[in-house]
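2 protein chains.
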Amino acid sequence: MTTPRRGRPGYDLESLLQVAVKLFNERGYDGTSMEDLSRKLGITKSAIYHHVPSKEELLRLAVDRALDGLFEVAASTDQLDGRAIDRLEHLVRGSVLVLADRLPFVTLLLRVRGNTKVERAALARRREFDRLVTDLVKQAEAEGDIRPDVDPAVTARLVFGMVNSLIEWYKPRRGSAAAEVADAVCKVAFEGLRTGS
Amino acid sequence: MTTPRRGRPGYDLESLLQVAVKLFNERGYDGTSMEDLSRKLGITKSAIYHHVPSKEELLRLAVDRALDGLFEVAASTDQLDGRAIDRLEHLVRGSVLVLADRLPFVTLLLRVRGNTKVERAALARRREFDRLVTDLVKQAEAEGDIRPDVDPAVTARLVFGMVNSLIEWYKPRRGSAAAEVADAVCKVAFEGLRTGS
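Quick mapping for you: the protein sequence lines, in order, are chains A and B.
Take the first sequence: its position 10, counting from 1, is numbered 10 in full-length UniProt numbering, and each next residue is one higher.
Take the second sequence: its position 104, counting from 1, is numbered 104 in full-length UniProt numbering, and each next residue is one higher.
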């Protein structure tokens, strides 16, 4: 092209991805076409294909952004010494911060149903993460720090049920809000609602 | 018709609704046409319209099945005397049992995004239910039974984050399973994971 399109914002892969994820969350991944995306961006489909080869590749980039964040927290948890319950609390707290920081990406991840190769791969990584959590719960139970009267897999699911609920209600605001929510999740999960419990 | 269709199961509204809800959950409400439903049921669209005037009416019946169950529990909670924390526990336990019993209906309800009149009405009833929960948490906090260091609306959302996570992982099995899960949710929510907490 000889005429630069002045005044129209250009897109790099990152800004394109952000718009795509927003659209996928609004209309569903299956319900969004590359045509819809090109209309939303105000650029041609071939301009999109300049950055990314397919809609599925956009999905892969998006869900990996969420999963990579969660697995980085898991890796840093693995570096810690000490009791399993403290490592579990570190993992829960870090996961809340990842959700708050990468909310649209995690929202998309949690709605993935497994209809494509990318979606199945994401579900497999989610299961791997769930296993890490369940293993930590088991270890903390073996160390006598977690109540033994709830199945560890159920405990892990309930705690991450709280964490994942953020996608339904958390509104990113000032910087401290995410840390406050992480505190709230840890208080409720580890100490319970009841005073004197 | 003069020839009864022997060997093909007939549908009443209830069985038709069950198939519709399953399909809505698999493909999304927006992604499911009455044509899809007629193919799945093996009956004509006009046979469906004999039972129900529109796809949206099927959605309304389905989400009301979920919401009515939750509001019945809320009404029975309201009849109880005693401390707010005990009423809250009754509401949480009852909600888990409703989810377990009406799982496909609640799954559909929790995925509703508010694009139609029926969806907006369902979201309004969900907000009303959330307010009831938050009010109970506030009352229990005022009575000194719930930790005052977490915002009551956040507490309410986290507890129902646990409850609602059932749609992701609960598999209906033998009769006692739902009661066990309800116990687990109440233990984790009210007493916390930590032993000696």
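Don't read these hints as lab results, they were simulated from the structure.
One thing to keep in mind: the hints can contain errors.
A pair holds if it fits inside one copy or across any two, identical chains being indistinguishable in the list.
[As the list claims (entries may be wrong)] Subject to a maximum C-alpha distance of 16 angstroms in a straight line, what follows is the list of computed EDC-like cross-link-like pairs (lysine to aspartate or glutamate):
#	residue 1	residue 2
1	187	149
2	40	72
3	187	135
4	40	26
5	187	26
6	187	36
7	171	119
Here the structure is a predicted model, which is why all the values come from computation and not from measurement.
Comparing the hints with the structure gives:
1. 187 - 149: Result: close only across copies, 9 angstroms inter versus 20 angstroms intra.
2. 40 - 72: Neither: 32 angstroms inside a chain and 44 angstroms across chains, both beyond 16 angstroms.
3. 187 - 135: Neither: 21 angstroms inside a copy, 20 angstroms across copies.
4. 40 - 26: Answer is within; shortest intra-copy Cα gap is 12 angstroms, inter-copy 27 angstroms.
5. 187 - 26: Cα proximity of residue 187 and residue 26: none, with 32 angstroms in one copy and 36 angstroms across.
6. 187 - 36: Answer is neither: 43 angstroms inside a copy and 47 angstroms across each miss the 16 angstroms cutoff.
7. 171 - 119: Neither way: residue 171 and residue 119 sit 26 angstroms apart in one copy and 22 angstroms across, limit 16 angstroms.
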